[in-house]
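Engineer: Single-letter residue listing:
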Amino acid sequence: MNTIDVQGLTKRFDGFTAVDGISFEVGEGELFGLLGPNGSGKTTTIRMLVGLSRPTAGRAKILGFDLSFGITEAKRGIGVVPDSSNLYDELSARENLLFMAKLYGVPKDVREQKSEELLKLFGLYERRDDRFGTFSRGMKRALTIAAALVHDPKVLFLDEPTVGLDVVAARSLRELISDLHGKGLTIVLTTHYLEEADLLCDRIAILVKGNVVEIDTPRGLKRRAEERSVIEASFGREATDLVGDLSARLPGAEVVLLDETRVKIYGGDPSRVLEEIFEFSKERNLGLNAINSIKPSLEDAFVRITGLSPTVMAREKGGKGR
Amino acid sequence: MIRDDLRCIYLIAAKDMRTYYLKPPAVSWGMVFPVAWTLAFYLRSPSNFEDLVPGLIAMTILFSTTAAEAVVINFELRLGSLERLLLAPVSTDSVLLGKVLGGFLFGLLMTSMVTLGTALGLELHPNLSTLIPVGLISLMVFSSMGALFSVLFKEVFEAQTFLNLPRFLMVFLCGVVYPISAMPSWLQAISQLLPLTYTVEGLRAAFSASPPSSFKGLLILTVFLILFILPAMRMLRKRFE
Ligand SMILES: Nc1ncnc2c1ncn2[C@@H]1O[C@H](COP(=O)(O)OP(=O)(O)O)[C@@H](O)[C@H]1O
Ligand SMILES: [Mg+2]
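As you go down the protein sequences, you meet chains A and B in turn. Position 295, counted from 1, in the first sequence is what UniProt numbering calls 295; the numbers after and before it change by one each time, with no gaps. Position 25, counted from 1, in the second sequence is what UniProt numbering calls 25; the numbers after and before it change by one each time, with no gaps.
What the hints contain is simulated information worked out from the structure, not anything from laboratory work. For clarity, every value in this text was computed on a predicted model and none was experimentally measured. A virtual CB, placed ideally from N, CA and C, is assigned to each residue, including glycine. Any given hint could be a false lead.
Label-pair ranges, simulated between beta-carbon atoms [stated by the list, open to error]:
id, chain 1, residue 1, chain 2, residue 2, range
1, B, Leu124, A, Asp14, 54 to 64 Å
2, A, Glu238, B, Phe162, 33 to 43 Å
3, A, Arg171, B, Leu79, 21 to 31 Å
4, A, Arg171, B, Leu116, 52 to 62 Å
5, A, Asp269, B, Leu79, 24 to 34 Å
6, B, Leu219, A, Asp14, 37 to 47 Å
7, B, Thr161, A, Arg12, 29 to 39 Å
8, A, Asp109, B, Ile190, 30 to 40 Å
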């Protein structure tokens, strides 16, 4: 039996379809990723699955409980880390964990022990009596994950766990998630970071405008991109305005600007592409610095599958995140 | 199931008491306002201050509960921590009941202090068998009213501002300072539609020598409680649809 079974799940807000009949399954112990740009419906999907929002249509079963009538039962086995760290500023780290445990009816001795264990696991034991409001973003995020684990859930939902964190904090959080996965927890994680999905997930569902356009392992997704070549060229001066001209000379290939001086060319006949780039750079005096034929990354797979530019993923949501 | 819900109602109320009862908006609106107001009247006519006591208690009930609800519901809706409660195996109705109970307890604390202070200071001997039921049901009524306004508005200040219309209407029309019997009949008719009228009536009875039965008043207050709490539950449920 699958731990999560989603069929035709749909959410409409006043006529706007945020999630459009998506279906997927998550097996026991799997780390499943929902990958998509901002506004693609990741949070809305999670909110429906954890009972914070009622689906307009479709069904979902979690741990064998149908969401539409067994959500209260299912909640006992679910841990949720929302997209913002919304514990209580006024309570200490330890008090926050104990309060959540009490809400789930965890017996006193168990919750005391579990809180202590989690505080140690997440490196917050020294700060256990400090108020949540005084924590850094990374610590807040870590405690929010700890709070989702106090009742020993079988499934953990993580909505954009590393958004707004610095590199170091994000890396240590990813290690923690990886460890939890290693302990056999079933995890559903949303992200708009391609590397994060690649690094952590067993399988990834790519979500675009409320639709699941592809579900596969990171390796399987990348394999799809291998069907066509990917060549990266880097010039000595700005090439932004020349992308159009270059594309015109490479029928059947797709030219994507990475930054002012770098382009990626997908598809086309590789030897022809290489030749044209040399030619073009000489004609326009671009000062070709480097040219590589590269192994496709998940980003390349994403571009290939969704037809979206990789820059849509870099767009952060304006000024949210605590 | 029911045990889970009862436990959560209690936990939420207890947590709100702990984390919010010293927050400035709750304390200032809940206590400072009625006391300052009463002081103003006292300075005008210090001789018959006793007459003002039931009105002072009624105002404390009204302002402390409504202020507390605006704080505990609006703050948490905005910060998203109210959602957190719904992740646990509880219904939105229980969450709202927990919030109303928290406001009730905060109001009870404030009201007890004001009541004890004035009763001891002025050596009054209210009839407790009238005072307690009227006080308790009124605290529930206005805590629910505060909850209803709080789920209707997004920000604390919005909820407080929109609460001011019914609050001030009630301060003037429900016999807190001006006797209802001295008002023109059309205003008297309006006062019958406002819950605080029955609170003041009941409290006056408790502080007078020969208390008339306030059973009808309690019944009417119960009807107000239902009229406030059911729509508040419904509105909160709608927010999570
Ligand atoms: N409560 C809501 N009312 C109206 N529209 C909403 C609501 N919540 C989300 N949306 C819209 O649904 C779409 C998907 O949002 P969301 O699930 O938050 O995306 P993501 O988490 O992938 O960034 C967005 O266009 C968003 O504006
Ligand atoms: Mg989101």
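Engineer: Between the beta carbons of Thr161 (chain B) and Arg12 (chain A), is the distance compatible with 29 to 39 Å?
Structural biologist: holds, 33 Å
Engineer: Starting from the range 37 to 47 Å, see whether the pair Leu219 (chain B) and Asp14 (chain A) falls in it by beta-carbon distance.
Structural biologist: 41 Å Cβ-Cβ, so the 37 to 47 Å window holds.
Engineer: Determine whether the Cβ-Cβ distance between Asp109 (chain A) and Ile190 (chain B) falls within the hinted range of 30 to 40 Å.
Structural biologist: violated, 58 Å
Engineer: Lying within 24 to 34 Å: is that true of the beta-carbon distance Asp269 (chain A) to Leu79 (chain B)?
Structural biologist: violated, 56 Å
Engineer: Falls inside 52 to 62 Å, the C-beta gap from Arg171 (chain A) to Leu116 (chain B)?
Structural biologist: holds, 58 Å
Engineer: Confirm or reject the claim that Arg171 (chain A) and Leu79 (chain B) have a C-beta distance inside 21 to 31 Å.
Structural biologist: Distance hint for Arg171 (chain A), Leu79 (chain B) holds at roughly 28 Å.
Engineer: Looking only at beta-carbon atoms, does the pair Glu238 (chain A), Phe162 (chain B) fall within the given range of 33 to 43 Å?
Structural biologist: Since Glu238 (chain A) and Phe162 (chain B) have Cβ atoms about 56 Å apart, the given range 33 to 43 Å is violated.
Engineer: Using the C-beta atoms of Leu124 (chain B) and Asp14 (chain A), is the stated range 54 to 64 Å upheld?
Structural biologist: About 57 Å separates the Cβ atoms of Leu124 (chain B) and Asp14 (chain A), which means 54 to 64 Å holds.
Going down the numbered hints, you'll see the structure goes against 2, 5 and 8, while the others check out.
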